[in-house]
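J.: Assemble chains R, U and V onto chain E, guided by the hints.
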Amino acid sequence: MIPSPPLAFVPQLAMTEPARAALTSNLIVGALLVGLALAIRSIRKDDVWREAFQQVWARRKVPVVILGLYVFVALLDSVTWVGASGALEDQVAAHEARSVLDRMFTGTTEKSYSAPFATQEFYDASALRHPRRHPLGTNILGQDVLYMTLKGARVALLIGGLTSLIAIPLALFFGVSAGYFGRRIDDVVFFLMNTLASMPSILLLIALIMAMGRSTLSVCVALGVTSWVAFCRLSRGETMKLREMDYVHAARSLGVSNVRIVLRHIVPNLMHLVVITFVLMFSGLVLSEAVLSWLGIGVDGSWGQMIAQAKDELSREPAIWWNVTAAGVALFGLLLAVNLIGDALRDVLDPRTLRERG
Amino acid sequence: MSRPTRREETAAGAGVTEAGASAERGTEGAQAEDVLLRVRDLRTWFPIRKGLLRKVVGHVRAVDGVSFDVRAGQTLALVGESGCGKTTVGRSLLRLVPVAGGSVHFRGRDLLALPEQELRPVRRSLQMVFQDPMTSLNPRMRVRDLVAEGLQSFGIGANEAERTERVAEVLRRVRLSPDHMRRFPHEFSGGQRQRIGIARALAVEPELIICDEAVSALDVSIQAQVLNLLGELQADLGLAYLFITHDLSVVRYLAHEVAVMYLGQIVEHGPTEPLFALPKHPYTQGLLAAVPSADPSARRVAVRVLGDVPSPADPPPGCRFHTRCPERFEPCDKRMPEPYPVGDPAAGETAEGRYARCFLYEP
Amino acid sequence: MLAYVVRRLSYGALVVLGVLFFLFVLFFAVSTPDDIARRAIGDKAMPEVIEQWKINHGYDKPKWPGPGQWSDNLLVEHYRRMLTFDFGRSDADGTPILDRIAKGAGPSLALTLPMFAIGLVIGLTLSLFVAFFRETYIDKAGVFLAVLGMSVSVLLYIIAGQFLLGKVLKWFPVSGFDPAPGVLWRFLALPVAVGVIASLGSDVRFYRTVFVEEIHKDYVRTARAKGCGEGRIMSRHVLGNAMIPVLTNVVMVIPFLFTGALLTEAFFGIPGLGSLTVDAINANDFSTLRSMVYISALLFVVAQILTDISYTLVDPRVRLE
Amino acid sequence: MRVVLAVSLVLGVACTNNPYPEKDDGKKVLYAQYHEPPKTLDPAVAYSTNDHVVTGKVYDTLLEYHYLKRPYELIPALAEAVPEPQERADGSTAYRFVLREDLWFQEDPCFSLSGGETRRILAQDFAFELMRIADPAVNSPVIDPFSNVRGFRDFASRLKERRAADPAFGRLPVHEQYREAGGISGVEVLGEREFEVVLETSYPQILYWFAMPFTTPVPWEAIAYYDGQGGRPAFADHPVASGPFMLTRYDKQARFVLERNPNWYGLRRPEWKAPGAVFPEVTGLAPEEAEKFAAYVGKPLPFLERVEYRREKEPIPAFTKFLQGYYDSAGVVRESFNKVIQENDLSEEMRAMGMDLERSVVPAVFYIGFNMDDPVVGRAGGERSRKLRQAMSLAVDVEEYKRLFMNGRGLPAQSPIPPGIFGHDEEYQNPYRRVDLQRAQKLLAEAGYPGGVDERTKRPLRLTFDVPDTSPESRLRFSFWVRQWRRLGIDVELAATTYNKFQEKVRDGAYQIFQWGWVADYPDPENFLFLLTTEMARSVSGGPNTANFQDKDFDRLFAEMKVLPSGPERQRLVEQMRSILERERPWIELFHPEDYALTHAWLRNVVPAGLSIPTTKYFDVDPELRARLRSEWNEPVLWPIFLLFGLAAAVIAPGIVTFYKERQ
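Protein chains in written order, with numbering that gives the first Met the number 0: chain E, 0 to 357; chain R, 0 to 362; chain U, 0 to 320; chain V, 0 to 663.
Just chain E, with the same shape it has in the complex (with noise of 0.2 Å):
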């Protein structure tokens, strides 16, 4: 099913919740792909980058294209407004915003339980609506199961991304703020480091998340508080090297700012590390959060959340089997293209290769 064009609002509505919602979420999917091009326009420019990406495509062709595969995906989840196409199910969803995903996926609920490439419900034998037509089969409320394992391409860059984002900024400015001007302000940040450091990540997670309250953003903000500190020590350790180098005296004795010094010489030189951190950090993040679901304080959607509720259905006799197949599948999936490219990355980007490269 094709989408139709985008039709703004449903006409007698007045700029509802939903609307605004998707509104926002557009937004924010724009400027992610404004940043994304950027970075990669400036990637383009600088050598030294391009080529290690330029190596990176080399090595692992398959898992790029597969992580882009995952991202497509949740692309199209993302783009999403408001307005009546396809076979609506009920008449909330005319006035709901949602995605291109949704709308290709919309009116193919069956009742039940179906098996792959089913033509009948699993349990009651009854006749499916849409025979053959669910290649994953459908779950429990009848939702097609290889509709919630793509919407859960979204959510799980959703938990990598955004959680990396929140921590990654952070532990770079602390770690910089300490490696560079050390004396207080690295023995208040390394005091503050080493005291998260020493509690259990997943305690603490789940003393925040109870904390905050349930939603995405907590549980992202959560564990992007509780995985900073690894990279803060790191860009600390990697900053009190650089600050020694001889051209951050040279910049120095040219009158350059702290500031500046920091921004052109030290940060700079700590990209290749917060790129091998980022990718690295993702797939931490995403098996993370699906031990959360299985407390019941993860994501909505997720596919942690879908291994937690699939869980209990393998124990049906005969077992319901293709839900947490699909989602274990998915998530193994993307954290292997993830973690193969990290890999890559990092063999490339090391700091040692970097400097007899050079």
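One or more hints might be untrue.
Claimed, not checked - A few chain V residues that face chain U, going by a derived Cβ cut-off under 10 Å, partial list only:
(1) 135
(2) 317
(3) 354
(4) 634
Rather than coming from a laboratory, the hints here were simulated on the basis of the structure. Just so you know, these numbers come straight off a predicted model, no measurement behind them. For each residue, glycine too, the CB sits at the ideal point set by N, CA and C.
T.: The following block gives chains R, U and V in isolation, referenced to the frame of chain E:
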């Protein structure tokens, strides 16, 4: 190529203009002579912390009471073994490391007493070229930005285009093609990189360049090129150099005056030729004896320097060198020798500017 | 050395105090003592009962120090109780927390110690093996498998392990725990196997990098030039010199041996501290959670201090300062 | 190769998935599981089904329910007979209980306080427990039903005053405090074996409370001794009781063990053939049922030597172990186990294993409630809100829910009163409790929300459904209801919060829609209809009427109905109340759940009971059959080990060979 005069420059340079003037235009400042940089009793100590409360229990006396002058348009070489504190002297002058005491007068203004804000304009006249051209050039910046950084910092040039033009000029001056501006440091050879480093220092039109082992990391053939370049620049622009090195052959080639450092102190100081011809301090003698000479007839009596360098954290009492000195005698481990004038008029030398820190020459 | 140890210890103590402050803010910002009381004894409880409960659990005080109550407030009380290990009773069911923790430590250690030891041995062996055959297909396949293993959620490992080894192949009980020495291993075999396999990927990946880095160093070349056998090089030189990163990695894990494995314990019905924590989370039992976080932090700090000191023992290059 | 051999040898010998010591294989031990540990075992406080797993087995009561008869019937247990109410001239009602002779507590160290290892059960012990319920410090959840007892509240306030006035009094042992405070005037101990309970007004349901562990005899020694100090456990963790089983091991987080109590009257005095102490005979059972029990009728209870409880937090391993024969039954603890059942019956596979499925309707009701204090869905909205509630009620398809989430288990509810309780009417069909989307849409339009859009504001109607469970599984369930309403165009947001936050919301009245359930304490309509009285409204008294339903007619009818004996007059009143609820729709009644017990072939006599009543003493196991089937089902499969070793060798060997060749 004409060098723009200071008058054309922007407000940022005003402080410099007021404080002193360029060597060519004679003296206007407090210093009547042509002394550009006057260092007196410079001390740079690094604290050693120990124990429960990290109390300062002592200091590494990296630089301990160093005094010298650098004259405009001239080269002073600071020589010594590694670890003697010569690099720290260079960094102390630019206040890249915290200084414990003494004074550094540049054109009559004490750099150590200036607050960072007022120091900034002075920095322009005082530049540095580093030993390792790889670590001294930010690998993430293009040549153009590297060289233009000082211009930007001091507000030289009205706009980016003008600055790029200046960068091109400076690059040509150090014999690099302006076409290389868009490249990254790792695309250059070691000698080229060092030229970039020189260009960066040169771009802000300093009066004094501190060359910290500027050629030590280079191949001998390249060394010569860079040294020639430095010589030319001095001739053309009237630059003064403080040349920090352990390589005595370089010193002889380049320097007008030499100061020999040992364990944080200058042990001998004097004009290059006489000092090389007739070293006075036993340490200098030992140092020179270790240099292989191309002329077998000029072979001197080998002076043996014994043992290892003591730790600057715990320097020996009395003369710093007495633990290794072959000529050690009674007062050496009791008192600290002063710098005694050692000019030997008999040998046709003037006493001026020649002294050694050794009891052999105690009057 | 002594001064160093003392200084290290006092810094550790400072960190623990910081953790306690963080905990105080977190837990007393989440729920006021009234909430905790209502949750514990029911919504219908009469106000005087709630007051009594708060008194019994020591929650009947102002939160912050202020004039006239510099020592008699929740903050000071919180510090006093935590520092003297007087954890009081669980908010959820009123049992003494220290008892529960003491009871849970045994099963947790019974699970995590073998898991840790076996995992370490297998991880190091495999990574040495892979590093030895570096640049061959064994190495590539090994690294790929490691990355593969890293990409699977622990949940799936556990579900698959129980399904395969417990349900289909019937090697071990699917879940349960019995501390009797003759049967204990039966219950531990499966969770230990699952735990080892789940962490093998990232361990091999990490250790291999460390080893390969070490192999490329000059002294290895020298040793080889001297005619040292490859096996001897790997076991003596490489392993020995790679001890610092390995040790760091290992010590960071030690505190978590005590806190148990949340998921593994819950799924396998092992009544350890991980299980206790999950219970506390599900029951909103903040007092237990607070004590668990505190104890873990304490263990972590101690482990860190021990690492720093043991560095000096393992590697003569590391100086005290 | 040697390694492979050694490993396979070890595995072959030692591999077993049996989680229990083999020495118990031949014994009559029942293996059961629990999900959540009991919170407390103090009979005056324990109220949840988790607690009842233990309290129901260890505490004996004056009365109990007949095991097989439905509707439920009270029979005497510790009492010699079920007492008749005696109307008194002053309007009060008295019940006289006479204990059986020769009743003893279990042996316990606490009786050292009275110089022995055990002692006889006295009427005083019942009075003591009633005083404990009244004691505000005990915080019993059932003060309300007993406050009708003469002097009950007075006793509580005297106790409170004395404690407040005199700290020394508060430090006395509890039984001395009670004695000093003078006891409850309406509980008169008439002798060692006799006491009378006097109610201020008629309350026929009081007898049911004497069939619950709340009113078990409690020895004062146990309270004085088990104070949680000096290494002694708290009474809440260490019951001292008189029931058929006694708790011998209690690691509540992991496992507990119950063993036959030799002091139980059924075991001490088999010659009594007391009802509840021997397997009962019932006429009128289906022939195959009767045949199943025939061999047991008249045999003394309990048949089991021991009951072993293991904690299972996760359903998959628990159910797997059941299928392997390591639990004797499943489905009694947690409903997710029942998913094995297909369309109301056991799957083929299960039947082949000899399993049995027992079902019974639980006297309980699950419902979706509206907060009647809410301006949109509640009273203040008047006719508009009523129509909205009616429309929402018409959209909810319980049959479908049952099919998806309960395997068809349970009966769709038409009114709050479940089957088996007086007042339930098989014939009654609530006009708002069938799915009729057209009518619902019409009502919605009449309410001013055509198609789910508010006519006045032109915005879609958005409501919030608060659920106190954040688990991923429950989210699926709750979103089912949301989808039902979405069919009308009503956008209901699911707000899953922790139980803590949910309670906060309820306390603040900040909720619109919620789902809740009520399980009968005793088989009487009063126990259901009181949930909707003004007196019990959450916003009025903090009571269990979470819907805050307040209706004067309903309250009046309730007061009348409560005291009437079950008969046509009472039926008429219940029907009137039902019709008020039908129209007002404070609840959308969902279903009366069915209890399924999935049992293995070796477990006998399992009759599920909806009420929390002690049934374990009637169970029997056949250990030989169990041992045989277990070993049949659990033969370890070892060949994959060899396959694994072989594969690994095959993959690695060529690499090693090439490596060394190249090296040379």
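J.: Does each hint fit the structure? Answer for all of them.
T.: Structure-based check of each hint:
1. With a cut of 10 Å, the hint placing residue 135 of chain V at the interface with chain U holds, because the nearest CB-to-CB distance is about 6 Å.
2. Checking residue 317 of chain V against chain U: minimum C-beta separation of about 7 Å stays under 10 Å; hint holds.
3. Taking 10 Å as the C-beta contact cut-off toward chain U, the hint placing residue 354 of chain V at the interface is violated, the least distance being around 17 Å.
4. For residue 634 of chain V, the interface hint holds, the least distance from its beta-carbon to any beta-carbon of chain U being 7 Å, beneath 10 Å.
Of the numbered hints stated above, the single one contradicted by the structure is hint 3.
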